[in-house]
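K.L.:
Sequence order for the protein chains is A and B. Those letters in the first sequence? Residues 3 to 321, by this note's numbering. Those letters in the second sequence? Residues 9 to 274, by this note's numbering.
Hint data in this document are derived by calculation from the structure and do not stem from the laboratory. Just so it is clear, CB atoms sit at the ideal spot from N, CA and C, and this is done for glycine as well. If a hint is listed, it holds; no wrong ones were tucked in.
Covered stretches of chain B (chain A as the covering partner; in silico rule of three or more C-beta atoms under 8 Å from a C-beta of chain A):
1. 12–26
2. 108–121
3. 147–153
4. 163–177
5. 183–193
6. 234–245
7. 264–274
Pulled a few chain B residues facing chain A out of the computed Cβ check, cut under 10 Å:
8. GLU180
9. ASP256
10. ASP259
Here is how the chains run, residue by residue.
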Amino acid sequence: MAEVLVLVDHVDGAVRKTTSELLTIARRLGEPSAVLIGAGFDAAKEALAQYGAEKVYLVESAEVTDYLVAPKAEVLAQLVASAAPAAVLISSSAEGKEIAARLAIKTESGLITDAVDVQAGDSGAVRTTQSVFAGGYTVQATVTKGTPIITVKPNSAAPEAISGAALPQVVDITISEGAKTARITDSQPRAATGRPELTEAAIVVAGGRGTAGDFSKVEEFADSLGAAVGASRAAVDAGWYPHSNQIGQTGKQVSPQLYVAAGISGAIQHRAGMQTSKTIIAINKDDEAPIFELVDFGVVGDLFTVLPQATAAVKAAKA
Amino acid sequence: MNIVVCVKHVPDAQSDRTFNESDNTTDRVGVDGLLSELDEYAIEAGLKLVESAVAGGADESMVTVLTVGPDKAADAIKKALQMGAHAGVHVNDKAIHGSDAVATSLILAEAVKKIGSPDLILTGMGSTDAAMGVVPAMLAERLGLPQVTHASELAVEGGTVTIRRDGDVASETIAASLPAVVSVTDQINEPRYPSFKGIMAAKKKPVETWSVSDLGLDAASVGLAAAWTKVESFAKRPPRAKGQIVTDEGDGGTKLAEFLSAQKFI
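Chain A with its partners taken away, still in its complex shape:
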């Protein structure tokens, strides 16, 4: 069975949930081989084995991690040449898509981004599903040239545990000078909030213009549910919440089990970031807000009275 390369998304060996989703998807297409760039194999091994990685290609060179995406694309291009995989799966983050973009050009392969489903189609061709035009359409696509290179959105598969060998295989690679041109000269870590990562969270509670800059009720409700906190572009542009929490066309695209929009009207740019959520709830003072067209449950009312009441009820139910 052909290998399927999965680029591991991790920080010092702490593997993100998206990687277990990718390994699960990879098993539909062939035998999963993880590609771990950077240090941390000892920490990552169990997480990779647990979701069926048979092999783990290890690339620990600092030359790869100090620079932007180009060296990572060179690593994958070398592995595509040596392992002749059935597909390469990469998490659909900004960085993941850029690595995939360069890999596609290097290996003369078709690229599909932001897949929400990946299946083995007829005669083994990889078939993807994407959600496009702000979630207004779904598209089925295939790769017609080279090795299918596919970036997959978080929450596109339920991780299924299965035991894999996770045999390490160290990859020797020389990075070209041309790939070492854009250097990270400084990095200021963000303060941890203790909340789940926005794109991976099962529940997202987001606030908009209706918060008038006070996110405390949104955050308290989110915390009662163990949810991530998001914000509309209006709230971010007003400086009320960090851009890294923005949901929509120019922010994050999320697809959680439950999405709660508080004081968000639901412009098309916002819908582009959340329309594929499984269950949608909105709280808005304006009963004509377009967000109500999308909801499974809506409350016409003031978030400053509705959310605290809901928070108390959730806490009581969980107690």
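Chain B: place on chain A using the hints.
P.N.:
Positioned in the frame of chain A, the structure of chain B alone reads:
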């Protein structure tokens, strides 16, 4: 300083965007189009850099706006010229219809080479139609230039471009030598509106139209037939079933929690 800004003419997100039934490509004719909103930030960033270069005594500084697309795409160049860009290049050829990101990046790369040797190639963070966000990386790969993407701050000094990028886990500073490909986010600036003077001046600005063969490319290397991916089918997403809407009469939060409980979220 010479800057090329790559822009895209896209179907308006406010209109009913759809596909062509005949070949599953994006409908770019039957739907109203406009300059992709995210490209306005790249144009503004380019204009600011040229203005400060000129103020610093540089000569021969200009912004050239480059687009690939059908006749209607000329509107995207026009808007950029009205904002203050100095010249336009429109690659327009029937052979381009149906090009994927891979072919688009090939056309852009050859057009950038033909324009000359810019110090900087600026783009938006992604288009508002396909929204892949991969063309800047592909362009950098093809041109063999540093790729510096998702800039929320941008500075050029002494042959080096430095940006700040706000990532999920960290805020990073990234530096590269010129020439480089730089993409900017919607956080970087507030794009200007065209002034009346700008609108009048735009009419006199030079716009060149190039075909694929003008770029030395074989028509068979671009377009739908040369795409490395294929859209097999498309389907309009069924409208979501009408949900339950309640008006808060002092018990809205309780009802919300009851819904969560019924759906097994709590």
